[in-house]
Amino acid sequence: MPPATTSLGHLKSRPIMNVSESKSIVVGAVMVIVFALVFVVLPGGHDAAKSAADGSYTIEAVFNRVDGLVEGDEVHMGGVRIGSVTSQRLDENYRAIVSLTMKTDVKLPTDTSAAIHTDGLFGSKYITLEPGGDEEYLTDGGVITFTQDALVVSELLDLIIAEGKKQAKEAKAAKAQVKEAHRILGKIKGAIKGDE
Numbered sequence: 001m002p003p004a005t006t007s008l009g010h011l012k013s014r015p016i017m018n019v020s021e022s023k024s025i026v027v028g029a030v031m032v033i034v035f036a037l038v039f040v041v042l043p044g045g046h047d048a049a050k051s052a053a054d055g056s057y058t059i060e061a062v063f064n065r066v067d068g069l070v071e072g073d074e075v076h077m078g079g080v081r082i083g084s085v086t087s088q089r090l091d092e093n094y095r096a097i098v099s100l101t102m103k104t105d106v107k108l109p110t111d112t113s114a115a116i117h118t119d120g121l122f123g124s125k126y127i128t129l130e131p132g133g134d135e136e137y138l139t140d141g142g143v144i145t146f147t148q149d150a151l152v153v154s155e156l157l158d159l160i161i162a163e164g165k166k167q168a169k170e171a172k173a174a175k176a177q178v179k180e181a182h183r184i185l186g187k188i189k190g191a192i193k194g195d196e
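Numbering of the sequence shown is given in the working numbering, commencing with residue 1 and proceeding in unit increments.
Honestly, the hints are just simulated from the structure, not real lab data. Note that the Cβ used here is the ideal one computed from N, Cα and C, for glycine as well. Treat the hints with caution; some may be incorrect.
Capping the alpha-carbon separation at 30 Å, the derived lysine-lysine pairs in DSBU-like fashion look like this [said to hold, decoys possible]:
(1) Lys-103 with Lys-125
(2) Lys-179 with Lys-166
(3) Lys-187 with Lys-165
(4) Lys-175 with Lys-165
(5) Lys-169 with Lys-179
(6) Lys-189 with Lys-166
(7) Lys-175 with Lys-193
(8) Lys-172 with Lys-189
(9) Lys-165 with Lys-179
(10) Lys-179 with Lys-189
(11) Lys-187 with Lys-169
(12) Lys-187 with Lys-175
(13) Lys-175 with Lys-189
(14) Lys-125 with Lys-107
Here are the in silico distance ranges between beta carbons for each label pair [said to hold, decoys possible]:
(15) Asp-134 with Leu-157: 35 to 43 Å
(16) Phe-146 with Lys-169: 33 to 41 Å
(17) Gly-190 with Asp-158: 19 to 27 Å
(18) Asp-91 with Ser-124: 23 to 31 Å
(19) Asp-134 with Asp-91: 20 to 28 Å
(20) Ala-174 with Gly-132: 44 to 52 Å
(21) Ala-173 with Ile-97: 44 to 52 Å
(22) Ile-160 with Asp-105: 39 to 47 Å
(23) Ile-97 with Leu-159: 22 to 30 Å
(24) Ala-173 with Lys-107: 54 to 62 Å
(25) Leu-157 with Pro-109: 30 to 38 Å
Using the sequences provided together with the hints, build the complete structure.
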């Protein structure tokens, strides 16, 4: 009895992968890794190499409150944009820690101060830095501790309303005093006419 044979003639022999296909796969894998690094790792601001590569460095500013300040808000000095807000977090004492990405060509003395301002009455927030006089400069990871917190618009309006009420009360009291003075002057005038 002849041995059983299997016909594999319907399968054509071909290489599993040609050189062109393997190059495409390698290039694709490299692109996926690059995109993963760019869109996942770098936006977190934890990669110091990114800061050095894009000409920036990161510092932090410590505030009691940062109402309305958001990531992406601008950092100014002398009216010129020199950086942006990259993140916010609370420390163990419940203070707001704001991370700022600064241009490397801007050197900030270690005693620089930071204040949160509003663009107009209801506009977006931004941070203004005022350089100090120290001869040493903040470096990557440095901290600004001289800060002025955000002014909350509702608190400002409450102050304005309270001051207005106080002024109105004082004006009413002054009007009553003037009225009383007129009444007294009228009596004096009547008494003088009566003596004539």
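Verification of the supplied hints:
A hinted pair counts as satisfied when its Cα atoms are at most 30 Å apart, and Lys-103 with Lys-125 qualifies at roughly 20 Å. Only pairs whose Cα atoms come within 30 Å are accepted, and Lys-179 paired with Lys-166 is accepted, the gap being roughly 20 Å. A distance of roughly 33 Å separates the Cα atoms of Lys-187 and Lys-165; the hinted pair therefore is violated under the 30 Å criterion. Between the alpha carbons of Lys-175 and Lys-165 the distance comes to roughly 15 Å, so the proposed pair stays at or under 30 Å and holds.
For the suggested pair Lys-169 and Lys-179, the alpha carbons sit about 15 Å apart, so the restraint of at most 30 Å is met. Our distance criterion of 30 Å between C-alpha atoms is broken by Lys-189 and Lys-166, whose separation comes to about 34 Å. Between Lys-175 and Lys-193 the alpha-carbon distance is near 27 Å, which keeps this suggested pair within the 30 Å criterion. Straight-line distance between C-alpha atoms of Lys-172 and Lys-189 comes to about 25 Å, which keeps the hinted pair within the 30 Å bound.
Our distance criterion of 30 Å between C-alpha atoms is met by Lys-165 and Lys-179, whose separation comes to about 21 Å. Distance hint between Lys-179 and Lys-189 is fulfilled; the C-alpha atoms sit about 15 Å from each other, no more than 30 Å. The suggested pairing of Lys-187 with Lys-169 holds, with an alpha-carbon distance near 27 Å, which does not exceed 30 Å. For the proposed pair Lys-187 and Lys-175, the alpha carbon gap of about 19 Å is at most 30 Å, so the pair holds.
With a C-alpha separation of about 21 Å, the suggested pair Lys-175 and Lys-189 falls inside the 30 Å cut-off, and the hint holds. Between the alpha carbons of Lys-125 and Lys-107 the distance comes to roughly 23 Å, so the proposed pair stays at or under 30 Å and holds. A hinted range of 35 to 43 Å holds for the C-beta pair Asp-134 and Leu-157, which are about 38 Å apart. In this structure the supplied range 33 to 41 Å holds for Phe-146 paired with Lys-169, their Cβ-Cβ distance being about 38 Å.
For Gly-190 and Asp-158, the hinted distance range of 19 to 27 Å is not satisfied, since their beta carbons lie about 48 Å from each other. Checked against the hint of 23 to 31 Å, the C-beta distance between Asp-91 and Ser-124 comes to roughly 25 Å, which is consistent with it. A hinted range of 20 to 28 Å for the beta carbons of Asp-134 and Asp-91 is consistent with their spacing of about 23 Å. Evaluation of the 44 to 52 Å hint for Ala-174 and Gly-132 yields a pass: the beta carbon distance comes to about 46 Å.
At roughly 48 Å, the beta carbons of Ala-173 and Ile-97 sit within the given window of 44 to 52 Å. Taken as a hint, the range 39 to 47 Å holds for the pair Ile-160 and Asp-105, whose Cβ atoms sit roughly 41 Å apart. A beta carbon spacing of about 28 Å between Ile-97 and Leu-159 agrees with the range 22 to 30 Å that was offered as a hint. Taken as a hint, the range 54 to 62 Å holds for the pair Ala-173 and Lys-107, whose Cβ atoms sit roughly 56 Å apart.
At roughly 36 Å, the beta-carbon separation of Leu-157 and Pro-109 lies within the given 30 to 38 Å, and the hint holds.
This entry does not satisfy hints 3, 6 and 17, going by the numbered hints stated previously.
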